[in-house]
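Given chain P's structure and the hints, the job is docking chain D onto it.
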Amino acid sequence: MAFYKDKYDVIVIGGALAGMSCAMRLAAAGKSVLILERHNLPGGMATSFVRNGIEMEATLHEMMSLGKEDEPLYIRQYLDEMKVAIDWLRVPEAYELYSPADGIDITLHAGRRADGTWVCADEIDDKYPGTKKEVNRLLETCRKVYESVLFLNEHTLSKAEMLLKHEALVKTAGYSAKEVLEKSFHLPEEVVKILSAYWIYVGQPISTLPFTIYSFLMADYMIGGSYVARGFSHEMSVAMAERCEELGVQFEYCQNVEKILVRNGRVYGVRTSRGDEIHCDYIASAPYPNTVYGRMIEPQSEVPVQARKYANAMPMSVTCFSVVLLLDQKPEDLNIHSYSVFSSDIPFDTDVFWAQGRNLGGWDYLTTICLNYANDEAVPEGMTSLSITTLPLPESFMQVRPDQYFDVKRSVAKEMIKRVSSHLGVNLLDHIVEIEIETPVTMSHYTSDYRGGIYGYQHSMNNSVVARLEDVEKEQYIKGLVGCASHQLVGDGMACNINNGKIASKMILAMMEEQA
Amino acid sequence: MKVNGFLKDVTGASRVTKARRELIEHGDPNNIYSDPIRETAKELHPEVTKVRVIDVKDVSPTARKYRFAADLGDILPPFMCGQYCSLDLEIDGTVTTRPYSICSAPFEAREGAEPFFELTIRNGRPGEGFVSSWFYENVKEGDTFKAHLPFGQFYYEPLRDSKHIVGLAGGSGITPFYSMAKEIAHGTMDADLTILYGSVSTKDIILKEELEAIDCDRVRLINVISGDEDYDGEKGFLSADIIKKYSSEDSTYFVCGPLAMYHFVRGELEKLNVPARRIRMETFGAPRDITKAEGYPEIKPALFALHVIRGIQEDLVQASSLEPIAVALERAGIKNNTRCRSGSCGFCRCKLVKGEVFVPAEGDGRRRADKENNYIHACSAYPLSECTVKIPIV
Numbered sequence: 001m002a003f004y005k006d007k008y009d010v011i012v013i014g015g016a017l018a019g020m021s022c023a024m025r026l027a028a029a030g031k032s033v034l035i036l037e038r039h040n041l042p043g044g045m046a047t048s049f050v051r052n053g054i055e056m057e058a059t060l061h062e063m064m065s066l067g068k069e070d071e072p073l074y075i076r077q078y079l080d081e082m083k084v085a086i087d088w089l090r091v092p093e094a095y096e097l098y099s100p101a102d103g104i105d106i107t108l109h110a111g112r113r114a115d116g117t118w119v120c121a122d123e124i125d126d127k128y129p130g131t132k133k134e135v136n137r138l139l140e141t142c143r144k145v146y147e148s149v150l151f152l153n154e155h156t157l158s159k160a161e162m163l164l165k166h167e168a169l170v171k172t173a174g175y176s177a178k179e180v181l182e183k184s185f186h187l188p189e190e191v192v193k194i195l196s197a198y199w200i201y202v203g204q205p206i207s208t209l210p211f212t213i214y215s216f217l218m219a220d221y222m223i224g225g226s227y228v229a230r231g232f233s234h235e236m237s238v239a240m241a242e243r244c245e246e247l248g249v250q251f252e253y254c255q256n257v258e259k260i261l262v263r264n265g266r267v268y269g270v271r272t273s274r275g276d277e278i279h280c281d282y283i284a285s286a287p288y289p290n291t292v293y294g295r296m297i298e299p300q301s302e303v304p305v306q307a308r309k310y311a312n313a314m315p316m317s318v319t320c321f322s323v324v325l326l327l328d329q330k331p332e333d334l335n336i337h338s339y340s341v342f343s344s345d346i347p348f349d350t351d352v353f354w355a356q357g358r359n360l361g362g363w364d365y366l367t368t369i370c371l372n373y374a375n376d377e378a379v380p381e382g383m384t385s386l387s388i389t390t391l392p393l394p395e396s397f398m399q400v401r402p403d404q405y406f407d408v409k410r411s412v413a414k415e416m417i418k419r420v421s422s423h424l425g426v427n428l429l430d431h432i433v434e435i436e437i438e439t440p441v442t443m444s445h446y447t448s449d450y451r452g453g454i455y456g457y458q459h460s461m462n463n464s465v466v467a468r469l470e471d472v473e474k475e476q477y478i479k480g481l482v483g484c485a486s487h488q489l490v491g492d493g494m495a496c497n498i499n500n501g502k503i504a505s506k507m508i509l510a511m512m513e514e515q516a
Numbered sequence: 001m002k003v004n005g006f007l008k009d010v011t012g013a014s015r016v017t018k019a020r021r022e023l024i025e026h027g028d029p030n031n032i033y034s035d036p037i038r039e040t041a042k043e044l045h046p047e048v049t050k051v052r053v054i055d056v057k058d059v060s061p062t063a064r065k066y067r068f069a070a071d072l073g074d075i076l077p078p079f080m081c082g083q084y085c086s087l088d089l090e091i092d093g094t095v096t097t098r099p100y101s102i103c104s105a106p107f108e109a110r111e112g113a114e115p116f117f118e119l120t121i122r123n124g125r126p127g128e129g130f131v132s133s134w135f136y137e138n139v140k141e142g143d144t145f146k147a148h149l150p151f152g153q154f155y156y157e158p159l160r161d162s163k164h165i166v167g168l169a170g171g172s173g174i175t176p177f178y179s180m181a182k183e184i185a186h187g188t189m190d191a192d193l194t195i196l197y198g199s200v201s202t203k204d205i206i207l208k209e210e211l212e213a214i215d216c217d218r219v220r221l222i223n224v225i226s227g228d229e230d231y232d233g234e235k236g237f238l239s240a241d242i243i244k245k246y247s248s249e250d251s252t253y254f255v256c257g258p259l260a261m262y263h264f265v266r267g268e269l270e271k272l273n274v275p276a277r278r279i280r281m282e283t284f285g286a287p288r289d290i291t292k293a294e295g296y297p298e299i300k301p302a303l304f305a306l307h308v309i310r311g312i313q314e315d316l317v318q319a320s321s322l323e324p325i326a327v328a329l330e331r332a333g334i335k336n337n338t339r340c341r342s343g344s345c346g347f348c349r350c351k352l353v354k355g356e357v358f359v360p361a362e363g364d365g366r367r368r369a370d371k372e373n374n375y376i377h378a379c380s381a382y383p384l385s386e387c388t389v390k391i392p393i394v
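Line order of the protein sequences matches chains P and D.
The working numbering numbers the first residue of the first sequence as 1 and each following residue consecutively.
The working numbering numbers the first residue of the second sequence as 1 and each following residue consecutively.
Isolated chain P, as found in the complex (with noise of 0.2 Å):
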């Protein structure tokens, strides 16, 4: 008798959305795979959590590259294609963003209209007029550059077709957000920092953000707008777990990995905490290449100087500090009137906010998401579900030793819901039923990511996904090991790890083919 078979073709270490992504579309090609999870829920990050009966989402979840059902963008194609079923409901605006500082009030939504011109710049020029022009030019800009990158998710191209056909993409690789938005169009101040305000979903100050990448998730979410699982992430996250099973994968919780066993710069299998030894010829990893070098490669002596070179000077980027709440009164009552707000206590500036993400607190720029707008239902009657977050960097919580940690994040979370409380003029700390403070602490608990990090490595100038897809291939520096989660190509988001896990599938299986 046995747990495990004598060896599978792949072992994903980590079951989230990543990791489920690349074993469901290996096994529909026919590939024993097995995942391994830590925790005993599937999905990692994409979760919630319940309370005395009552489910809330974990923290700012919206899921983009959907799209609706008759005009599906890339992930909804991909998860109907793996045939994974999921109810979800459309989030009604883009964004709020709120900075009194400037001046800055203003809501957007989503969409293009007949004539190819966006709801959005529209809705900017209302305030700001004389912009529509300028705002519908750069959105093109956005889309081209986002349907060449899809494009190139698929293809690859020589140097001369790639500018003949992907002109604004080639032309715009080696430029920040910043210098684009500044320099290339003609914007008041303000309106650049309206378009901005979606930095945060990167972590990314646009002054190194790089305009693929600004560009990608302005025309994702302007074209196809956000949505939410009726049944939370979890119900994402089981829907993917169940297809897995039904694909074949065995799909095993609570099984900690501890060691990846190399032999000859070649991956054969891993040893769990529990002390199974299993086989395989190809690993998934989700563990940042940090942890995998750094202490789960056995032997230390199979890791290659390149690779302890490139996993540390990966510039990390950013963890998670959110307050879940709810409170004991309607939206409404509470002056909350959007799904999702973004709000700056300062004049608007993304390279301030990311320098705060080192501090303990003192973050001026917040993301308030009020899920009734969304999903009213899942909320019970009367009541609010709100969540605070911030996503400062893990440095912020290094020195955080244990005695202090309920101190530090009380009081860190009463500061941010006081900061949301002068915006909406009521006192939430009057109203709270239930509060979940969660840390990068809590992050690292629940996953063992590296330093509780959420969205991978940085996406800045130096580390742009123009080239890391150059060089993906090179960065293979241990035969059979391939990198599944928001540290690779495509970094952080739920949507983007699922392309993460088919990019990972894809690789593998090339190198299936190749070996045989």
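These aren't lab readings, by the way, just hints derived from the structure by calculation.
Possibly wrong hints are sitting among the right ones.
[Stated by the list, open to error] Example chain P residues on the side facing chain D (calculated, C-beta under 8 Å, incomplete):
{"#": "1", "residue": "LEU150"}
{"#": "2", "residue": "PHE151"}
{"#": "3", "residue": "GLY174"}
{"#": "4", "residue": "VAL305"}
{"#": "5", "residue": "GLY361"}
{"#": "6", "residue": "PRO402"}
{"#": "7", "residue": "ASN463"}
Small disclaimer: the values here were computed from a predicted structure and weren't measured.
C-beta atoms are modelled at their ideal positions from N, C-alpha and C, and glycine is treated no differently.
Relative to chain P, chain D alone:
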């Protein structure tokens, strides 16, 4: 496309590629891995803590207080008053777990020459609380255990709760309030606590001397005795009248005790129009008799076949309709993760592949998508037919 200024540049892609290659080339070639956040997470939530009994004391004619210190170089994690500890117990070859509220104060696990935590365990009545009785009769100084802590949401949350706590306790439900009382007296918890402790007679009061020894004007203890007409003090149950008498304008009510008391107290608090957010209930233990639970179907007690899938292995065991699946697994010697044993924490989440179970609504902590996809919490799922479950390999 109309291009402005530098957007004529077509060398961007090679420039960013070069920049990234340079970045990597300058990476440290040594193993400099360190993850302080992971270390903190592990100290706060150790998977297991090895502990040793260093003292046993009678705290009522039927209850004992056990003091545990970390064993073999382990360290105790910090916890909050009201949280619980789950102990792995091996009784006559059967491995099970039990959750017990920690009755000592958090500071006692952080300070002193030998930091410790304490659990108070009552000798069960005949036919009830078998494990607690075993514990009471058998555990002695020097015994070692695997402990899992801290767990639970029954703690004072200053961002949510008002500063005046009314603790409504029954039986061994006094333990979290003893923890709070000591932490307040020590000056490390900023709240006022009034404990209304319901007992049948003064003999049943647990931790009597210990509670009386707390000398702090922020802590008040009122015993409420239901079975002694001659008692000189508050008599009867924890009724609305008594609760009101000791409440302030904005009190937060923490309720911990037997299930029957919850039902009674909930009704009494309703009479006082206490808002939901001011009531915190600890839910503890599986129902004594599942057939009496609301919604339980009309079936005769029976033994069913239970197929247990772990990985590619399948085992066949027996399960009684009167016991949760978690207990059937324990009886069969199949290891299984349980913590709260009330259906709420979800540690024993597993998939019901086939068959039918009854899940009591009280304390059902499952997520919506789990309910829809036949995931169960094994500690609160009672078989109604032959069943197949897929559980994690432990």
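Each hint, compared with the structure:
A hinted interface residue such as LEU150(P) counts as satisfied when its beta carbon comes closer than 8 Å to some beta carbon of chain D; here the least separation is about 17 Å, so the hint is violated. With 8 Å as the threshold, the beta carbon of PHE151(P) stays out of range of chain D, its nearest partner Cβ sitting at about 15 Å, so the hint is violated. The criterion of a C-beta within 8 Å of any C-beta in chain D is met by GLY174(P), whose closest approach is roughly 2 Å, and the hint holds. With a least beta-carbon distance of about 5 Å to chain D, the hint placing VAL305(P) at the interface is held under the 8 Å criterion.
Hint status for GLY361(P) relative to chain D: violated, with the closest Cβ pair at about 14 Å, above 8 Å. Using the Cβ-Cβ criterion of 8 Å, the hint placing PRO402(P) at the interface with chain D is satisfied: the shortest such distance is roughly 4 Å. The restraint placing ASN463(P) at the interface with chain D holds, with a minimum CB-CB distance near 6 Å, inside the 8 Å limit.
Figure legend: structure checked against the earlier numbered hints; hints not met, in rising order: 1, 2, 5.
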